[in-house]
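As they're listed, the protein sequences go chains A and H.
Going by the numbering used here, 1493 is the number at position 3 of the first sequence; the sequence numbering is gapless.
Going by the numbering used here, 12 is the number at position 5 of the second sequence; the sequence numbering is gapless.
The hints are simulated quantities; they were obtained by calculation from the structure and are not laboratory data.
Just so you know, not all the hints are guaranteed correct.
Here's a subset of chain A near chain H, in silico, CB distances under 7 Å, partners left out [to be verified]:
id	residue
1	F1498
2	A1561
3	V1566
4	G1568
The list that follows gives simulated cross-link-like pairs (lysine to aspartate or glutamate, EDC-like), each with its CA atoms no further than 16 Å apart [unchecked claim]:
id	chain 1	residue 1	chain 2	residue 2
5	H	K131	A	D1503
6	H	K91	H	E138
7	A	K1538	H	E142
8	A	K1538	A	D1556
Ideal Cβ positions, reconstructed from N, Cα and C, are used throughout, including at glycine.
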Amino acid sequence: MRIQVLFFGATADIAGKRRIAVEMATKTTAKDVFEKLITEHPQLASHKLHTSLNQQYATGDEILSDGDELAIFTAVSGG
Amino acid sequence: MDFFELTTDPIDITTVARRVVPPECGATVTLDGYVRQFTKGRETLYLEYEAYERMALKEMQKLIEAAKAEYEIANVGIVHRTGKLEIGETSVVISVAAPHRKAAFNACEWLIKELKRTVPIWKKEVYADGEEWIEGDAQPT
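In isolation and in its complexed conformation, chain A is listed as follows (with noise of 0.2 Å):
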């Protein structure tokens, strides 16, 4: 299945790109997408992370669906 990942800011800057499309196998999690990632972008392991899916901030533990999209950001800094 296929997974959109979505980058921002600090996270864009290490990934290079700011949305890429990840081939992952079913019964997938967040936490194995980022662990599939952190072995291609190593930095990103020095930032904490936070994730969301489907625009809702997620834990990481849930199981993804064809067509998901992550996101994954360093603490949000607005305002």
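Let chain A serve as the given structure and place chain H on it in line with the hints.
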């Protein structure tokens, strides 16, 4: 009427403040958040804000709903700017209209605190000698 928006254009504070005014209210509290030049002695040249737009709008709507459930207020307007902002330019406006001012002050304070904690917007500080994405210190739940 409540509203929550992202814009790359300069924000007109008065327009935001007047849009929330209904006939049964007597006070509107408006926060004008703008770009600070000096933070802990270090000089900022300008800021860049980036938003996860679809999620930011959802989170802003949730904040307004929660504030209206908790405080005796009528209407809330939130407008956050993204893109490049110069020193002194307004980055966020929150206007809260209420029958009486105390609830509006309390709700406005709660809204900006929660916005900074939960709404997915990030700021990059650009200094004379470098730049960095700011990581908030509060944790979303």
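Which earlier hints can't be squared with this structure? 8
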